[in-house]
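Model the full structure from these sequences, guided by the hints.
Here the protein sequences come in this chain order: A, B and C.
Quick note on numbering: numbering that gives the first Met the number 0 labels position 60 of the first sequence as 59, and the sequence is numbered without any gaps.
Quick note on numbering: numbering that gives the first Met the number 0 labels position 372 of the second sequence as 371, and the sequence is numbered without any gaps.
Quick note on numbering: numbering that gives the first Met the number 0 labels position 96 of the third sequence as 95, and the sequence is numbered without any gaps.
Take every hint as true, because none was put in to throw you off.
Pairs of lysine to aspartate or glutamate residues, derived as DMTMM-like cross-links and limited to a Cα-Cα distance of at most 25 Å, are as follows:
| hint | chain 1 | residue 1 | chain 2 | residue 2 |
| --- | --- | --- | --- | --- |
| 1 | B | 294 | B | 332 |
| 2 | C | 325 | B | 130 |
| 3 | B | 290 | B | 376 |
| 4 | C | 322 | B | 128 |
| 5 | B | 252 | C | 165 |
| 6 | A | 506 | A | 270 |
| 7 | C | 4 | A | 480 |
| 8 | C | 5 | A | 480 |
| 9 | B | 49 | B | 96 |
| 10 | B | 362 | C | 167 |
| 11 | B | 366 | C | 179 |
Anything over 10 Å on all C-beta distances counts as not near chain A; from chain B, calculated:
| hint | residue |
| --- | --- |
| 12 | 112 |
| 13 | 274 |
| 14 | 296 |
| 15 | 302 |
| 16 | 305 |
| 17 | 328 |
| 18 | 380 |
Now the stretches of chain B that chain A is said to cover, found in silico as 3 or more residues with beta-carbon under 8 Å:
| hint | region |
| --- | --- |
| 19 | 29-38 |
| 20 | 92-104 |
Rather than coming from a laboratory, the hints here were simulated on the basis of the structure.
Where is the CB? At the ideal position from N, CA and C, for every residue including glycine.
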Amino acid sequence: MKEIIKKIVRAQKCNASGGQSSKNTDDVKVSKKLADNKTFLKNSFKNSTDIIYYEFEGYSGEKALIVYIDGMVDKKTLNRDVIDPFIAGSKEVEFEEEFEDSEKLKSLIHVANIQEARMVSEVIDAILCGDTAMFFEGTNTAFIIDSKGWEKRAVAEPDTEAVVRGPREGYVESIRVNTALLRRKIKNVNLVFESLKLGRQTKTDVAIAYIDGIVNREVLGEVRKRINAIDTDSILESGYIEQYIEDNHFSPLATVGNTQKPDIVAAKILEGRVAIFCDGTPHVLTVPNLFIENIQSAEDYYVRPYIASILRIIRLVSFLISVLVPALYVALSTYHQEMIPSVLLVTMAGAREGIPLPALAEAFLMILMFELLRESGTRLPRPVGSAISIVGALVVGEAAVNAGLVSAPMVIVVAVTAVASFIVPALTEVMTFYRFILLFLGGMLGLYGITCGVFVMVTQAASLHSFGVPYTSPMSPLNLEGMKDYGLRFPLWSMIKRPGSIAKENKKRRG
Amino acid sequence: MNKTAVKRVISLILIISFAPAASGCWNRHELNTLGILGALAVDMEGEKYKLTFEIIKPKPAAGSKKGGGEKDEPVKFIQSTGDSLLDALRNATLSFDRKIFMPHAKAYIFSEEVARKGLLNYIDFLQRDHETRRTTYILIAKGSSAAEMLNATGGIEDIPSNYIERLIEGQKFNSKSLSIRLLDFLKYYYERGKQPVIGIIQKKEKAIKEAGGEKGKTEYELSVEGAAVFFEEKLVGFLNGMETRGLNFIMGKMYSGIIVSPSPDGEGINSVEILTSGSKNDVEIKGKEAKLKVKINITGMLEEELAKIGTKDPEVIEKIEKANSQEVKNEIEGVIGKVQQEYKSDIFGFGEVVHRKYPGEWKKIQKDWNDIFSRAEVNVEVETKITRTGLTNDPVNKRED
Amino acid sequence: MEEVKKLSSLQIILLIVSGRLITVYAFMPITNTPPANQDMWISELLSGIYTIIICIPILFLSRRFPDMTPVEYSEKILGKLLGKIVGLIFISFLSFVGLFDLLSMSEFLGSTIMPETPAYATMLFMLAACIYTIYKGIDVIGRIGEIFVPFIIFTIIFFILLSVKDMDFKVFLPILADSDLSMINYAALSTASRFYDILILCMAVPNLKNKGELNKIFFISVIVITLLFCAITVSVYAVLGVKQAEHANYPFFTFTRQINLFDFIQRIESINVIAWVAGTFVKYCIYIYFATIGLASILKVKSNKYFIIPISAVLLVIALFTKLSKSVVINNMLSYKFFPKLAFVIESVIPLILLVIYFFRRKSLTCAK
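Spelled out as structure tokens, the structure:
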């Protein structure tokens, strides 16, 4: 526990630049001799066998060396656009012993992006990113050729954010593809990407995206400040970034949102938010994240207002159900039996005859069982999946009731809780956490305990700020324009302004 | 950083200090420790209160095994005695394995004897306790002890208290009974100008025995016809079914009912079903004398016509209306007369009318109102309007011969 | 000084309304104020006017000093020592209200739904939740108010609507026959004096976003409270009758017990309890927050956070270990015999004195500025 706190503190305190190369190569320049370069690179890469050093000669014996990482480059580009034109073009070009001007050499390579580098450290960074480095005998300029090409997942519908109506594109693990997907949604010069590298060892590419002129400047400044303050070994997933930049590490509610779909990111950026892309993961972060965004889904805006409003209300209600129902069941059946209608009470009392555990323990066990089932269901290999569901239903449901371990109403309560908890996937962890706390409070003090618990939870939510924006807006502080998108989704033509809590400039959406 | 650490440690200590609270859970009653009370019957045994409880047995879950062929009683009856109502209630736990749980009680039944002594001795607990509710019906058991009322099931419900509750709720179909809750009783009791009335419950022998019942065993059913008249808090007498209906007319609580009146022209009777009924009560005070005026407006539907008159004719309908009005007028005059002479208790609420109309006078005559009431002149006007005659126009036995 | 957090007008209105409504929700002392008869709704309506009159001095002073709480400007007007004493009086009144909330929490819960739970358990939980909220500051309390108070008002309207069929409005006739105007005025004055939430409004003035709207906020709160009060009183009398309401310890609670609709919606008084508990938490938070703010300004300390736990601990000890923990004592204190008189002094007489002294010293004060 202490170590975790120390790490977080260190992450917040240290100011560090992005990734650094190892110290030795900082000041070394590219040498004019190929052999020197090759030896130096081989030592830097510690003779790793997936780095290919290929020397070849031009028409009249001009030596060239390309260095690349096997698997990260598109070999077709290398063959067709680098080696081939060089060998063909070296016929016409006069080569000197020592070159001062590298323009001629550049013209031999037919690639869309060539950069020159004089420091070996730049060369190494480029090679590690998937570019190819080309050295010529007799010049101390190395060329960095953009030839990135590796296996990546195809753009497909994300599993966890399926929609009925709406685009089915989802982000992939390559940051360039992701930013391109966003560009296709917003064809606007004001869409800006700011790139940086995070993580000392991993040097992960991270990009901040926003629309200049709409974005909330304070949020943007805060995002830049916090991301630059991250100093850690590795950024493997955007979740790492999220946990370093979030406002309150101990709050169960997330102040940083994530999504896998380009249209959602586009919509959020258009409201004045900032998106953070991270190479290696399809999950893109969006800040600030308010509570209501957990309940919203992109599909709400593509379907008509009535169905969208009904679905929103169902989601809100199911969040409340999933958190409150077990606690309410325990509280009502042990403290406030007068609230239960008479006929139901008689049946419930009959169902609880002979059950060895008190209601609180029974509820706790059943919910624990449900959590175990859910977790194992996520990790299962597919062939075994159906077996687990049968086992779960049979064992927990039928046999436990028949054996007299749990009562039938409790199984129904847990089933309802379970179904309701999947309707709002963004809040699953929150619901589990709150559910257990409220269950204990309800079991200790009935409805009074639940009220105390809910009060504290609402206080905690109300005191959260997500990058300076209050977490519970637009409900409090009340913002009537924002309320049009809260519980009910008002028709699109009536949402004239952007949500006032976030967008401070360029407020009008339409009209 | 240190401040936050100190804060977190303090809050941790505070949270841990709640652990003793968790071990308590003082108010916790598991469902299987409750005895759900269906109905309560109060009797007197000498100087002690004798209470009879009907405890509903929890229905076992569908999947659990039950020995076949055993007819399971859905209720259990417990009796206990004590020095006061609450004392007797708690004494029940000495011989019963569950604590009695009162919020779901549907009726409190007091025996006649207890009511004659004065109901207020019993009601304070029912008002004060947080478990008892004021929406429970109260009934007076006529003719036998209250405990005996609990044992009869003449209807479809197998739990007697449900049966009783449905009987009381049936008041809206046949207004020869009353549905009075504890709340209503208290309201009437506190009103200076009105005396309380309470519904009654009686045990009758069943005419038709149930198929499969044991031979020789008498089966009972309950009836809620009639009302109990109170003066202040003491029972003074009873009203029969027709008189109760008159009372309902005057109080404006007539929801539905059948008035049978003799046919105007032929021999036979006709029945009118009452759809709505509104009453206007008025009192005129002259010195120490009062004149009571009751005006009733009824709309009804002709449901049964047994004479040979033709009901297509509007004039005939008017005659039926008049006959109906006369019948109702007789009923009302009958009940007011009876209460005036025998019970001398203003259960109709005329005192309240005086209070509202002559507030100054009321302060003077308030104490003697019941005497003034019993001497008062009565003037009843009834108007009936028969709006519909059902699906046929002429009666069945009218043939053109 | 810490950065001043801002409350919007809607938030402060809701907080004041909740503070005043909570007492009525549980206790309804007006049913026992003479003349406790069917004309009390007239007293309620009149009390709106009296409230406005009573609160004029302190509102006037707060408009003159828009950046100071009453504790601070009493120090400025009366000089250091006397001002601090007056400030202490205000603070002790606020803490007294907080103490009363603690006591009424355990009494209400103990009498209605959880009789066997000992008082210290309910009070400890309440204090835990409220201390956490007060630590977060006034803007969080404002947001909590915005979330919970509409819910409370909704439950009131909900209960009233559900029992419309049980209402018998003839209870209110004859109007004005059984009571004379002097008694009605007395009851109205008594009810109006209970609006000690004006103190909260004035203590919150430095935290308001729109200080110019102070009068508007006040008027809106008074109107909302008077209307809701009237609605509650009328419903309770219509369903329960005058005498039952007088005898009941918690008339509105007893009223919600009677709701029985379609044989299905019945026995829902626990919702009443939940709404009341949430409202009491909010009320306690506000009152103790401003009490700590006042203490901080008297003792010239920067932050009010040091005082929260000590004040709550002191109140807890007083609540548990003195004779105050009996419901009879609480009811008597709350009735017309004691509380309105005390509140009248604090909210009207003292500010009046302050106002008079202010006028005399105005010249010297403006010169000193």
